[in-house]
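> One letter stands for each residue in the lines below.
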Amino acid sequence: MIEAQNLTRRYGDFTAVEQISLTVDEGEIVGMLGPNGAGKTTTIRMITGFLPPTEGRVTVGGKDLFADPVGVRGDIGYLPENVALYPEMRVSEYLTYRAMLEGMTRAQAKKRLPETITSCFLEEVEGQIIGTLSKGYRQRVGLAAAILHEPQALVLDEPTVGLDPKQIIAIRELIRELGRERTLLLSTHILPEVELLCDRVIIIDRGRIVAEGTPESLKESWVGATMLRVELKQGTEGVAEILERIRGVSSVKPIDGGRSRFSLECEHASDPREAVFRAAVDNGWTLLELAEERASLEDIFVRLTTREVIEPTAPEPDESADEEVTS
Amino acid sequence: MKGIAAIMDREIRAYFFSPLAYIVAAFLLLVNGLVFWLIVSFLNNPQARFGAPLELFFGQTIYFWLVLMFVAPVLTMRLLSEERRSGTIEVLMTAPVNEAQVVIGKYLAALVFYCFLWLPTLTYVGIVAYYSEVDWGPVAAGYLGVFGVGALFLSVGLLASALTRSQLVAAILTFALLIPIFTFGLLENLFNDPTLKQAFSYLNLWQHMEEFSKGIVDTRHLVYYLSATLLFIFLSAKALEAKKWR
Chain A
1 MIEAQNLTRR
11 YGDFTAVEQI
21 SLTVDEGEIV
31 GMLGPNGAGK
41 TTTIRMITGF
51 LPPTEGRVTV
61 GGKDLFADPV
71 GVRGDIGYLP
81 ENVALYPEMR
91 VSEYLTYRAM
101 LEGMTRAQAK
111 KRLPETITSC
121 FLEEVEGQII
131 GTLSKGYRQR
141 VGLAAAILHE
151 PQALVLDEPT
161 VGLDPKQIIA
171 IRELIRELGR
181 ERTLLLSTHI
191 LPEVELLCDR
201 VIIIDRGRIV
211 AEGTPESLKE
221 SWVGATMLRV
231 ELKQGTEGVA
241 EILERIRGVS
251 SVKPIDGGRS
261 RFSLECEHAS
271 DPREAVFRAA
281 VDNGWTLLEL
291 AEERASLEDI
301 FVRLTTREVI
311 EPTAPEPDES
321 ADEEVTS
Chain B
1001 MKGIAAIMDR
1011 EIRAYFFSPL
1021 AYIVAAFLLL
1031 VNGLVFWLIV
1041 SFLNNPQARF
1051 GAPLELFFGQ
1061 TIYFWLVLMF
1071 VAPVLTMRLL
1081 SEERRSGTIE
1091 VLMTAPVNEA
1101 QVVIGKYLAA
1111 LVFYCFLWLP
1121 TLTYVGIVAY
1131 YSEVDWGPVA
1141 AGYLGVFGVG
1151 ALFLSVGLLA
1161 SALTRSQLVA
1171 AILTFALLIP
1181 IFTFGLLENL
1191 FNDPTLKQAF
1201 SYLNLWQHME
1211 EFSKGIVDTR
1221 HLVYYLSATL
1231 LFIFLSAKAL
1241 EAKKWR
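Going down the list, the protein sequences come from chains A and B.
The numbering used here applies: residue 1 is where the first sequence begins, and numbers increase by one.
The numbering used here applies: residue 1001 is where the second sequence begins, and numbers increase by one.
For reference, chain A alone in the conformation it holds in the complex (with noise of 0.2 Å):
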């Protein structure tokens, strides 16, 4: 449905968006993920014909965006970064205008407002100036915005922002019901609500493209192997060498500089906890804890959006924390 080759966007010597190729797929909902900056919004605003790119092309539903902008942009909703609406209308007002801006008749409008306006949450303030309402409440206006013509695409940036916790649950659910029929691409540096709504996502950092997938194969490739924490009351020298000669354990790492606290990288498939509660009866360590930790979406996002060089065919175990131990 919505296909990106080869993006580029330079601004002089800047390079804000680098080859950026994505399709969304019909009926697909698609995360965009990266810290501030990396270049989301400037690859969105080039999908949406607000921005031409420097290099690449855009086509949506087969429509060339550079050969047809108008009619690609009626395929789309746009819900902006910073949602602008006009302070001086009314919701209900500036709703029908945005509708007739897509080309419906004011009777058409009229007919979809009832409609968008509960599934947004707008019925309070539906007669109510723009220039007074909350954060919360422009963010809905402009979602309702942009579903309102029923557009075949919706491109969402940062759809939640600013809304309080309630609020945000309800509209997570109207984007999951939205995804349903239509596709969808949302960009967002909030973490779970990729793994909540997102079939498949992207995450961006500095302009490229640094991985892409379902969110379970995500944490599956770049993680990959359980972590597991261990905590004795008091440490001793070689307690890491110990460690590490465990089978099953690939990497030792101490948290905190300290000789008591390690996070230990195990092999694929592999549980050493028994042999870690043995090695501790073995040398009469106190354990005060043992447990596993599971790889966090959050953890990929970290760790490829840090600036270190990325290497994407993990899971690869961390060398440089293995010397640092054992040093």
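Hints listed in this document are in silico derivations from the structure and should not be mistaken for laboratory results.
Errors might be hidden in some of the hints.
[What the hints assert, rightly or not] In the DSSO-like style, the derived pairs of lysine-lysine whose C-alpha atoms are separated by at most 27 Å in a straight line are:
no., chain 1, residue 1, chain 2, residue 2
1, A, K63, B, K1243
2, B, K1244, B, K1002
3, B, K1002, A, K63
[Unchecked claim] Selected chain A positions facing chain B (Cβ under 8 Å, derived; list incomplete):
no., residue
4, P35
5, T48
6, F50
7, A67
8, V70
9, R73
10, P80
11, Y86
12, E88
13, S92
14, Y97
15, L101
16, L174
17, L178
18, G179
Using N, Cα and C, we set each Cβ at its ideal position, and we do this for glycine too.
Place chain B on chain A using the hints.
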């Protein structure tokens, strides 16, 4: 077409929501009322020359031009610059409308509001008609001139508004552009060469209005307003388009 109508409709509403528009309307009406009163009392003097008050009213006083050069920047400064400043341009430029439609919708809204501003002056015509006789031809021609010159001035303002995100800069730029457009024609008196003199007299807005107020509808003037207006609207659309590429 629907896009143009939607934009125009919203823009006209925006005028009526803004206090600025009422200030402009009040100012225009105050100055026009004062000028009309001055003209009538001047002509009421038995020693005054013979003349029709409405003829003098249209374009034969400096007030007419001062007001016009103040009204045009104020009505147009917001049109596109505010969209860019507030970010609403993003919604507009991702909606299924092209730059030309946006610009035309906005321009038409300004033109409609401008005409609305002149509406109350019809009462002056009514007053004159009540107490004396009105020669309707020159009055209609006068309004035609007001419309034509206004249309041109507003298109200049539209272009200025497309060039900047600051309303203030847009207003100043409009004013700066209107001064040469208005005064170019007055340069005619500086030249003795008949060709140059004629060229500048073709652009002499003051003289145009004087002719219109006398009931002379010279199509050359109308062609000048129309072509210049279309040029400025075209340039505005191009300016809006060009902004994207930076």
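> Each hint: holds or not?
Structure-based check of all given hints:
Taking the CA atoms of A:K63 and B:K1243, the gap is about 24 Å. The hint holds against a cut of 27 Å. For the proposed pair B:K1244 and B:K1002, the alpha carbon gap of about 23 Å is at most 27 Å, so the pair holds. With a C-alpha separation of about 22 Å, the suggested pair B:K1002 and A:K63 falls inside the 27 Å cut-off, and the hint holds. At its closest, the beta carbon of A:P35 sits 22 Å from a beta carbon of chain B; the interface hint therefore is violated under the 8 Å criterion.
Here the hint on A:T48 is kept, as its CB sits about 5 Å from the closest CB of chain B, short of 8 Å. A distance limit of 8 Å between C-beta atoms decides the matter here; for A:F50 the minimum to chain B is near 5 Å, and the interface restraint holds. Proximity of A:A67 to chain B is violated relative to the hint, the smallest CB-CB distance being about 13 Å (cut-off 8 Å). A hinted interface residue such as A:V70 counts as satisfied when its beta carbon comes closer than 8 Å to some beta carbon of chain B; here the least separation is about 5 Å, so the hint holds.
Given hint, A:R73 at the interface with chain B, holds; its Cβ is 5 Å from that chain's nearest Cβ, closer than 8 Å. Residue-level restraint check for A:P80 holds (minimum Cβ-Cβ distance to chain B is 5 Å; threshold 8 Å). Interface restraint check: A:Y86 against chain B, minimum CB-CB distance 6 Å, threshold 8 Å, status holds. The closest approach between the C-beta of A:E88 and any C-beta of chain B is roughly 4 Å, which is under the 8 Å cut-off, so the hint is satisfied.
At its closest, the beta carbon of A:S92 sits 13 Å from a beta carbon of chain B; the interface hint therefore is violated under the 8 Å criterion. Annotation: A:Y97 was flagged as interfacial toward chain B, and the flag holds, the nearest CB pair being 5 Å apart, inside 8 Å. Because the smallest distance between the Cβ of A:L101 and any Cβ of chain B comes to about 5 Å, under 8 Å, the interface hint for this residue holds. Because the smallest distance between the Cβ of A:L174 and any Cβ of chain B comes to about 20 Å, over 8 Å, the interface hint for this residue is violated.
Because the beta carbon of A:L178 sits about 18 Å from the nearest beta carbon in chain B, more than 8 Å, this interface hint is broken. About 20 Å separates the beta-carbon of A:G179 from the nearest beta-carbon of chain B, more than 8 Å, and the hint is not met.
Comparing the model with each numbered hint stated earlier shows that hints 4, 7, 13, 16, 17, 18 do not hold.
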